[in-house]
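Top line first, the protein sequences correspond to chains A and B.
All residue numbers for the first sequence refer to the working numbering, where the first residue is 1 and numbers rise by one.
All residue numbers for the second sequence refer to the working numbering, where the first residue is 112 and numbers rise by one.
Hints are not guaranteed to be accurate.
As the list claims (entries may be wrong) - Heads up, incomplete: computed chain B residues facing chain A, CB under 10 Å, no partners named:
#, residue
1, H140
2, S144
3, Y146
4, G153
5, Q155
6, G169
7, L199
8, G217
Unchecked claim - Chain A stretches covered by chain B per the calculated footprint, using a threshold of three residues with CB under 8 Å from any CB of chain B:
#, segment
9, 36-50
10, 101-108
For the record, the hints were derived by calculation from the structure and aren't laboratory data.
Note that the Cβ used here is the ideal one computed from N, Cα and C, for glycine as well.
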Amino acid sequence: GQNIDQPTEMTATEGAIVQINCTYQTSGFNGLFWYQQHAGEAPTFLSYNVLDGLEEKGRFSSFLSRSKGYSYLLLKELQMKDSASYLCAVRDRGYGQNFVFGPGTRLSVLP
Amino acid sequence: DAGVTQSPTHLIKTRGQHVTLRCSPISGHKSVSWYQQVLGQGPQFIFQYYEKEERGRGNFPDRFSARQFPNYSSELNVNALLLGDSALYLCASTQGGSGNQPQHFGDGTRLSIL
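Make a model of the complete structure from these sequences and hints.
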């Protein structure tokens, strides 16, 4: 089975940097994905990590430590439009290699 | 290019009825997955289909069933609807059945059970 944990809510100020953590316990692992979901909309893909280390993509970076079962999403130069839920998802190695999503972290960016 | 399309966008049903939700994947994508998302929670995996075969099933009762057609579109069927089935149902597609490909989500069908 899989268990994924994220903080429920976070608040940050426009222009600041915020780190959203994700811890996971899995029987198998084939990659960790981060998605952004605005209220009432579909999740959209942000980043992917399968090896340890940092992946950078513009204002967004994601880090993975497989030995610790830990990942974080780093958002720099926060903008109001970054207010959304951020979902951590693990792809397991079970039949079908399906995604298991965490509960999501709702980020509010304040002026 | 069209993304993942789902229909209908909204649906209202009563307890005991059944419902069919439809999904068309991105052109060229052969895998479709279905998720249930209750307000304030992350999506919960229901089914995955790849090349018309069921590849995975989540922890949902037998009232939930799905299938994939030769054109890779998919249907999710739910029988004997319960109030707790009220949720956003998301369909996601990927090109293959595995690997580092992210899932691309449709806008979902919001199902309300009265």
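- Query: Checked against the structure, which of the hints given earlier come out wrong?
  - Reply: 1
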